[in-house]
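*Asks:* For reference, the chains in residue letters:
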Amino acid sequence: MQIVNSHLILDACCVLNFCASGQLLAILKSIPVQVAVTQVVREQELKTLQRLESEENDAATQFEAAIAQSLLIIVDFESEEEAESFVNYAAIVDDGESATGAIAFHREWAMATDDKRAISFFRKETPQIQILSTLEIVKYWSEEAGVDWQTLRDALNLIRVKARYMAPKSDPLRSWWETAMK
Amino acid sequence: MTSNILDNIDLRTLGELLQQARKKCGMTQSDAANIIDAARTTMVAIEKGERRLKATELIKLARAYGRSVSDFVRSRPVIQPFEMQFRAAYQRSEGEEVQIEPAILRLEELCRNYLELEEIMSAPLPQNYPPEYEVTNMPLKASAESIAVAERQRLGLGDGPILRLRDILEQDVGLRIFYLEMPPKYSGVYSYDERLGGCMAINANHPEERRRWSLAHEYLHFLAHRRKAVLEFEGQYQRVPESERLADTFPKYFLMPTSGLFKRFNDMCRTHGKFTPTHLFTLAHYYGVSIEALAYRLEEMELVRTGTWERLRDRGLKVRKVQQELGLEDIPQRTDTIPLHYQHLAIEALDQGLITEGRFSDFLNVDRLEARRIAETLREHSSGMMEEASDFDLINMPE
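Chains as they are written, first to last, in our numbering: chain A, 107 to 288; chain B, 706 to 1104.
Only chain A is shown next, with the shape it has when bound in the complex:
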């Protein structure tokens, strides 16, 4: 995984998955560029993250800690052009994806999403945006940080069980995911 842009902006589905893994901070630390989330996603998903919380998994706390440590920055629209693109995209995909895509497009950032609809829309609409997935980033973290197989398996299992994420059959990393989960 190579990120050619200065920033990576995460969509709600990836935020949910990383928080569920219990390894949000570690994953963010491993990413070589600044990671961001839109204000729209933060507002929409904070309650969902709070639902993920349990003794062994403090998702919302991790999320806030990542912001406090500047591992994650919250961004909002800074120009009329960004706002206009957001509104245009919101006619097709929902607000979270639209905001993420609009900011990625105007600031020339990479974005991370697993959403089938959002991926097909942005690939067609803004082909210059680099789009990454949950699995690409988790794999990158496991390799960069030298994570042992047990920790990786636990993180992927937590994503599977707590965030109810399943790698799509069409995902190029599907077999990696299946092997790592064993």
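To be clear, the hints were calculated from the coordinates, so they are not data collected in a lab. Hints may contain errors.
[Unchecked claim] EDC-like mimics (lysine to aspartate or glutamate), calculated; alpha carbons at most 16 angstroms apart, straight line:
(1) B/K753 <-> B/D715
(2) B/K765 <-> A/E186
(3) B/K729 <-> B/E788
(4) A/K275 <-> B/D1056
(5) A/K245 <-> A/E186
(6) B/K759 <-> A/E187
(7) A/K275 <-> B/E1081
(8) A/K153 <-> B/D1072
(9) A/K222 <-> B/D1056
(10) B/K765 <-> A/E284
(11) B/K765 <-> A/D182
(12) A/K153 <-> B/E1053
(13) A/K222 <-> B/E837
(14) B/K933 <-> B/E837
(15) B/K759 <-> A/E149
Given chain A's structure and the hints, the job is docking chain B onto it.
*Replies:* Using the frame of chain A, we list chain B on its own:
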């Protein structure tokens, strides 16, 4: 996407949507104008569709109204506001509007979502509607029974119990039925729109026997008074109109048809030599009706003595306790807020990449996590398989 949607959108429709959203959260035009640093007259012009909004203004207003921007700009089916249909009912019963309006607005939103999903999937809800039954100046009981018999025949229900009444009305008739929370005195709401067809909301807080009765009651309104919106709540009328009396009479014939009930009652009496309270409980459970409803029906058919129910009640009969002692399980029921077909359209739209996960959550009115849980369950239920494995055409399956 070179063109700007705010240049091409119907400003009048957008203005109306903004006005509805503002009113729903109790803000004045001045409050809204302050949010976008404009004069009240500007807000008036925006809501009339006479002034184009800037993207930043729309974002600010949507945030202030607690709505998504997508709600205002995506193409959605246009339906007549339900409020207009219920205006007469509101006027007749002062003070009711405040209590029931949230449920009606919710019903309207869910019906619009349903239609939107049908459009996305190009799969309109199949309707198997009979012509409206003519009941003017007909004797009440005879009309109710005759419609019940005709509908049972039309739907191939025989004269036995209708266990999955909600599913039959949703899938075999094509009605849009939602279970919504309402104040206790409300049992249901019926509405009709040319685009949507028949729509119902049933009070989710009531026990299943009562919900089934309410379903049958509202179904009669659909069959005989199709285009008249109805609110159902206790103590509504000083003098109950004929349309309501007919709707009150219909469920007993529809849920407990004379021929079937007579035969089963006789079988029980022949086998046991008597008809005991235990038999009454068992038979009510079999038909999915309350003990009271069955007792009155048997009294009316002169199979038990008049006043049987009152005597049982006066003896301190504890219905739930007896049901538990007899080991009668809950009658089959589906208590989901939204219809099955709606749920399946939503999951198909998600799996085919026609809607985002966020929109899927909105359609189901749950957060993303719960939406993922529901998606898994729906995929398992629809085929016992997960993901793409379930997305192929069995009709054209290669040998």
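*Asks:* Next, verify each hint and record whether it holds.
*Replies:* Checked hints:
no., hint, in the structure
1, B/K753 <-> B/D715, "holds, 11 angstroms"
2, B/K765 <-> A/E186, "holds, 12 angstroms"
3, B/K729 <-> B/E788, "holds, 13 angstroms"
4, A/K275 <-> B/D1056, "holds, 12 angstroms"
5, A/K245 <-> A/E186, "violated, 37 angstroms"
6, B/K759 <-> A/E187, "holds, 10 angstroms"
7, A/K275 <-> B/E1081, "holds, 15 angstroms"
8, A/K153 <-> B/D1072, "holds, 8 angstroms"
9, A/K222 <-> B/D1056, "holds, 8 angstroms"
10, B/K765 <-> A/E284, "violated, 44 angstroms"
11, B/K765 <-> A/D182, "holds, 12 angstroms"
12, A/K153 <-> B/E1053, "violated, 26 angstroms"
13, A/K222 <-> B/E837, "violated, 44 angstroms"
14, B/K933 <-> B/E837, "holds, 12 angstroms"
15, B/K759 <-> A/E149, "violated, 22 angstroms"
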